[in-house]
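Novice: Build out the structure end to end from the sequences listed, making use of the hints.
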Amino acid sequence: LGGAVLGVGIMMGAYWAYETLNFGGYWNWDPVENAVFIPWLVLIAALHGMVLWQRRRTGLRTAFVLVITTFVLILYATFLTRSGVLGAASVHSFTDLGLSGQLLIYLGFFTVLAVGLLVSRWKEIPVSEKELDAYSPELWVFVGATVLCLAAFQVVFTTSIPVYKAFLGFFHIKANMALPADQVAFYTRIQLWSGVLIAVLSGIGQVMWWQRNNKESVLNAFAPTVMLALLGTALTVLLLRYFGHPITVPYAVLLAAGLFGVLANFGTLFSLWRRNITLSGGAVAHLGIALMLLGMLGSSGYSDTISRNVTGQLIARQLSDEDNRDNVLLLRNESVPMQGYQVTYTGQYLDVPTVPGYVNTQLLYRTDDEYKAVARGDIKRDDKVYYKTGDTLEIQPENTYYRVNYEDKKTGEAFSLYPRAQVNEEMGGILASPALQRYWGHDIYSHITSVPDPRKEQPWSPSIPHELSVGDTIFLNDYFAVFRAIEQAHNVPGIQLKQGDIALQADMIISGEKGRQYHAHPVFLLRDRQIGRVPDEVEDLGIRLTLDQIDPVKGKFTFGISTTAKDYIVLKATEKPFINLLWGGTLLMGFGLLLSIRQRRTAKGKPAAVPTGRAGATRPQAVA
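Note that the working numbering numbers the sequence shown so that position 252 is 717, with each residue one more than the last.
You may find that some hints are simply not true.
Below 20 Å or equal to it, Euclidean Cα-Cα: the simulated SDA-like pairs (lysine to any residue) are [as the list claims (entries may be wrong)]:
| hint | residue 1 | residue 2 |
| --- | --- | --- |
| 1 | Lys963 | Leu991 |
| 2 | Lys1019 | Val947 |
| 3 | Lys837 | Gly822 |
| 4 | Lys630 | Arg526 |
| 5 | Lys630 | Ala643 |
| 6 | Lys1019 | Gln953 |
| 7 | Lys845 | Tyr823 |
| 8 | Lys1031 | Ile974 |
| 9 | Lys1021 | Pro1000 |
| 10 | Lys1031 | Ser976 |
| 11 | Lys921 | Val839 |
| 12 | Lys1019 | Leu969 |
| 13 | Lys1031 | Gln778 |
| 14 | Lys853 | Gly959 |
| 15 | Lys979 | Val1003 |
| 16 | Lys1021 | Phe948 |
| 17 | Lys845 | Leu858 |
| 18 | Lys921 | Ser976 |
| 19 | Lys595 | Arg526 |
| 20 | Lys874 | His907 |
| 21 | Lys837 | Ser976 |
| 22 | Lys979 | Tyr944 |
| 23 | Lys837 | Gly805 |
| 24 | Lys1031 | Thr826 |
| 25 | Lys845 | Gly855 |
| 26 | Lys837 | Pro919 |
| 27 | Lys1031 | Pro1000 |
| 28 | Lys979 | Tyr871 |
| 29 | Lys875 | Met803 |
| 30 | Lys595 | Leu525 |
| 31 | Lys1031 | Glu922 |
| 32 | Lys875 | Ile771 |
| 33 | Lys853 | Arg841 |
Note that these hints are calculated values from the structure, not bench results.
Specialist: See below:
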């Protein structure tokens, strides 16, 4: 149960990171992430050791050692995350709360206690005298557990570098050590081969566990699986090259190993399902692991950036070369081609708790209270009106959502994404969360790289006066506008009209790109012989209009026109192929472990079965 809960919990954290953070993946090899991953690897090895003892009466000492090691590693993970030793190395770590000494005593006490109890009873632990050979399933289970432990050792050794430095620093010894600059590349380069071995051994262990083994039976069992895995790998390599995607030798080996693991475990699963589904927990869990490895290979190894900058121009000098290369600049309401898609940024949106979805900021007039706004028009969904013009509503101002419309050039399919961004200089400039469009074979993963701060007033040009009569046409910031009418204003955003007030608003129609029209309504207000002016802004076009003066004798109206830079976002979009294999494999792994728990409880107290009969006959056993 602990293996299932911790394993699924780790992947839930990965899924949260994938949906919420903007580093483009689900596992960043952060030291705190590693601190949780390490004990899970050893725990899975310990589970295999305990199954060996329960069903084959071998490996009990190994199981004890692995269980105690898991416990100690969990305590060590607590020390890493809460002592502050990783404060400069991880964004998830606690700062130093002055608990380092207590945590060390806690870790040391239980480590010494656990090891001491094991040593004191070491000679009383039964030892199997059974000799293992290449056809013994126990041997392959031991090899698999060893691979898991070696993978854990590599991660814990590197993750503990800040601990080594702190320990040596306590003795005033300067240590020239540091975590890898590119931790993802460093760990992936080594852990990829651990994944290869785990995929292969998961298939070998399951097949050999469920049959009586000799040279002939092993060849008959594995020859078709190996051939199909190699054939699938060859076809995949050819397809990748045909579509212009290179494949390295390590990726090809991992692909072959993953396919072997899927085929071998699926074959075992199919055989067991015809007999007793409750016996299939191990095969289901191992099948899930193999699918997860293939999902990791596809989504990480072949993640394709579809937002490449093909204009030949820098987006911004303050961006890195990589960001200038892999991002696209989107001006509001200007469509841009993006590798198979036509993409348009259409504006900023806010979360209004009482309205489904998000609300366009052009429908909101912000007030002095940042959590409240006034509706500039009716806010409705379908036929239901949630707020009428002039109503005050509550908003969530912390995050701004940027609507991006995608249109597939081939199929014509259209969809809208709302990546979220929060400008926060104290947290490094911008906090962005991605938006996802999911398909069965891939995800479109989009996130904001840079935006103007929506909370800051953009610099406007000095106001230029224009004297107009009703029906006149002028050019505003490269757009032409028609002064259509002057009319009484019944609602003024942010102002409660009183009896005796005279409020007039101009109706200015501005023609933007692709024939799109905008209405601007600057207001001229007379109250107690005092004149007030409420300008109106067309954010899409970067135009602000103010009705400055009215000459009722000549029928002339003076407008002040100011302009600013158009609203924009810098967007990065990637395609994540086969990532659903990762999430689906996670569910299979958890389900398989739960099936194994059920079978273990059912079989509790029953004697271990001794293999008998012809090669290929199944044994009443659940999981390896």
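Novice: Has the given pair, Lys1031 with Ile974, been kept, meaning a C-alpha gap of at most 20 Å?
Specialist: With a Cα-Cα distance of about 18 Å, the restraint between Lys1031 and Ile974 holds, given a limit of 20 Å.
Novice: Please work out if Lys1021 and Phe948 have their alpha carbons no farther apart than 20 Å.
Specialist: The hint holds at about 11 Å.
Novice: For Lys979 and Tyr944, compute the direct alpha-carbon distance and say whether it is at most 20 Å.
Specialist: OK: Lys979 and Tyr944 at ~11 Å, within 20 Å.
Novice: Compare the distance between the alpha carbons of Lys1019 and Gln953 with 20 Å, and conclude whether the hinted pair is satisfied.
Specialist: Distance of about 19 Å is within 20 Å: holds.
Novice: Holds or violated: Lys921 with Ser976, Cα cutoff 20 Å?
Specialist: violated (27 Å)
Novice: For the pair we were handed, Lys853 and Arg841, check the Cα-Cα distance against 20 Å.
Specialist: Since the Cα atoms of Lys853 and Arg841 sit roughly 8 Å apart, the hinted pair holds (cutoff 20 Å).
Novice: Given the hinted pair Lys875 and Met803, is their alpha-carbon gap at most 20 Å?
Specialist: Holds - the C-alpha atoms of Met803 and Lys875 are around 13 Å apart, at most 20 Å.
Novice: Can the restraint linking Lys1031 and Thr826 be considered satisfied, given a maximum Cα separation of 20 Å?
Specialist: holds (15 Å)
Novice: Would the pair Lys1019 and Leu969 pass a check requiring their Cα atoms to be no farther apart than 20 Å?
Specialist: holds (17 Å)
Novice: Given the hint that Lys845 pairs with Leu858, test it: the Cα-Cα distance must not exceed 20 Å.
Specialist: holds (13 Å)
Novice: When you check the alpha-carbon spacing of Lys1019 and Val947, does it fall within 20 Å?
Specialist: holds (19 Å)
Novice: Would the pair Lys595 and Leu525 pass a check requiring their Cα atoms to be no farther apart than 20 Å?
Specialist: holds (13 Å)
The structure shown violates the earlier hints numbered 4, 18, 21 and 23.
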